[in-house]
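**Q** Which chain is which? The protein sequence lines are S and P, in order.
Residue 122 is where the first sequence starts when you use this note's numbering, and the numbers rise one by one after that.
Residue 258 is where the second sequence starts when you use this note's numbering, and the numbers rise one by one after that.
Worth flagging that the hints you see were computed from the coordinates, not collected in a lab.
Do not rely on the hints blindly, as some may be mistaken.
Here are the simulated DSS-like pairs of lysine-lysine, each with C-alpha atoms no more than 30 Å apart in a straight line [unchecked claim]:
no., chain 1, residue 1, chain 2, residue 2
1, P, K321, S, K220
2, S, K163, P, K271
3, P, K298, S, K177
4, S, K163, P, K321
5, S, K163, P, K323
6, P, K271, S, K123
7, S, K163, P, K277
8, P, K298, P, K323
9, S, K123, P, K298
10, P, K298, P, K271
11, S, K123, P, K312
12, S, K220, P, K323
13, P, K298, S, K191
14, S, K220, P, K277
15, P, K312, S, K228
16, S, K232, P, K298
17, P, K277, S, K232
18, P, K321, S, K188
19, S, K228, S, K123
20, S, K177, P, K312
21, P, K312, S, K220
22, P, K298, S, K220
23, S, K123, S, K188
24, P, K312, S, K163
Because the structure is a prediction, the values reported are computed rather than measured.
Each chain, letter by letter, is given below.
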Amino acid sequence: QKEVEQDPGPLSVPEGAIVSLNCTYSNSAFQYFMWYRQYSRKGPELLMYTYSSGNKEDGRFTAQVDKSSKYISLFIRDSQPSDSATYLCAMSVQNNFNKFYFGSGTKLNVKP
Amino acid sequence: GAVVSQHPSRVICKSGTSVKIECRSLDFQATTMFWYRQFPKQSLMLMATSNEGSKATYEQGVEKDKFLINHASLTLSTLTVTSAHPEDSSFYICSARGRGGFEAFFGQGTRLTVV
Numbered sequence: 122q123k124e125v126e127q128d129p130g131p132l133s134v135p136e137g138a139i140v141s142l143n144c145t146y147s148n149s150a151f152q153y154f155m156w157y158r159q160y161s162r163k164g165p166e167l168l169m170y171t172y173s174s175g176n177k178e179d180g181r182f183t184a185q186v187d188k189s190s191k192y193i194s195l196f197i198r199d200s201q202p203s204d205s206a207t208y209l210c211a212m213s214v215q216n217n218f219n220k221f222y223f224g225s226g227t228k229l230n231v232k233p
Numbered sequence: 258g259a260v261v262s263q264h265p266s267r268v269i270c271k272s273g274t275s276v277k278i279e280c281r282s283l284d285f286q287a288t289t290m291f292w293y294r295q296f297p298k299q300s301l302m303l304m305a306t307s308n309e310g311s312k313a314t315y316e317q318g319v320e321k322d323k324f325l326i327n328h329a330s331l332t333l334s335t336l337t338v339t340s341a342h343p344e345d346s347s348f349y350i351c352s353a354r355g356r357g358g359f360e361a362f363f364g365q366g367t368r369l370t371v372v
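In isolation and in its complexed conformation, chain P is listed as follows (with noise of 0.2 Å):
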């Protein structure tokens, strides 16, 4: 299958503070790119869905001010959490599919604590 790097794979960051992920193809170009929130123990939630050079689509009840998303190229989308505060942490997954594919291909998820 299809390689989706995702990083940092785990970061701590202090209350108010924003945090970067980045989530890349790194053998396809992803024309859609999905972002999910998953708790323990709980469902993938999908965030919000971007595709190449358009702004992303945020589903109900997600801050898009808040968890701000580019994809600024066909291999790269980023997620923002910005002004973080304890309740955001959580596992943050990526994930990317090709052009006419079927198939999405996810990250390897992003542990964020914000203490």
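Bound conformation, chain S alone (with noise of 0.2 Å):
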């Protein structure tokens, strides 16, 4: 089993829907959850990252992290086109950011 499982999509949404990217896990022991968003050909940028369980809204973005079910979520308001995408979830336990566990990412296309 992976540690970190992730659709691999693609999802397809007009402009202006709501979209909700999800990460499952199986170690207990990650305390840090990241977003990361890679063009095509580039390399990932990280969007938001939360500590352990809650909420966290940037702008447009909201990241949630729910421990007692090993899920995390991050909702995309208002998309446009410009977020077409891979949206990639990473972790790290506590105190050890030199090992991050990555999803495989869901490429996401926003259709004008």
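Could you fit the two chains together into a complex? Lean on the hints.
**A** If you want it as structure tokens, here you go:
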């Protein structure tokens, strides 16, 4: 079983839709949860990170962590064509930022 | 965010030759650099972690003699794929983190094709 599972998609939505991206994980020691956006042929860029459980909001993006279910989500409101990219979740345990466990990424396509 | 520049973005080489990929932190001192490999539709796989001035720590299953990593300065790390074979063809990405920082910033990646 992989440490982090993520549906590869692709996920295709119309412009303006609310997008929900999700990851599940198996290691209960994970404490830091990150979402990266990766455009085609580019390196990932960090969108948001959260520590432990709860929600975090940044503009149109909201990250949620449910540690009891080992489930994290990224919501994108009012999605735009420029949001079209692959979104990767990543996790790490406390005090070890040298080892991130990445999901395989979900490819999102926002149609104009 | 901080800028990490990776070069080249794309390289094609013949089987048996060596290829060097550079990763530079342009506006911060990178005390730790990471090298990843990414296969299509798969997650980033950490290959090795290097701290400036010390030997890289390789992940299990990664051949250190095949993937030579040098982190000689606080702004530059290199990955050399030695005696490359077609199965080494992949997308290689570096990331760098400054002292005391949490976030690691990624380079643009290098698409290596071995023919």
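**Q** It remains to establish, for every hint, whether it holds in the given structure.
**A** Status of the hints after comparison with the structure:
no. : hint             : verdict
1   : K321/P to K220/S : holds, 18 Å
2   : K163/S to K271/P : holds, 24 Å
3   : K298/P to K177/S : holds, 27 Å
4   : K163/S to K321/P : holds, 26 Å
5   : K163/S to K323/P : holds, 25 Å
6   : K271/P to K123/S : violated, 34 Å
7   : K163/S to K277/P : holds, 19 Å
8   : K298/P to K323/P : holds, 24 Å
9   : K123/S to K298/P : holds, 14 Å
10  : K298/P to K271/P : holds, 25 Å
11  : K123/S to K312/P : holds, 29 Å
12  : K220/S to K323/P : holds, 21 Å
13  : K298/P to K191/S : holds, 23 Å
14  : K220/S to K277/P : holds, 24 Å
15  : K312/P to K228/S : violated, 36 Å
16  : K232/S to K298/P : holds, 21 Å
17  : K277/P to K232/S : violated, 39 Å
18  : K321/P to K188/S : violated, 36 Å
19  : K228/S to K123/S : holds, 19 Å
20  : K177/S to K312/P : violated, 38 Å
21  : K312/P to K220/S : holds, 17 Å
22  : K298/P to K220/S : holds, 20 Å
23  : K123/S to K188/S : holds, 17 Å
24  : K312/P to K163/S : holds, 27 Å
Against the hints set out earlier in the document, violations occur for numbers 6, 15, 17, 18, 20.
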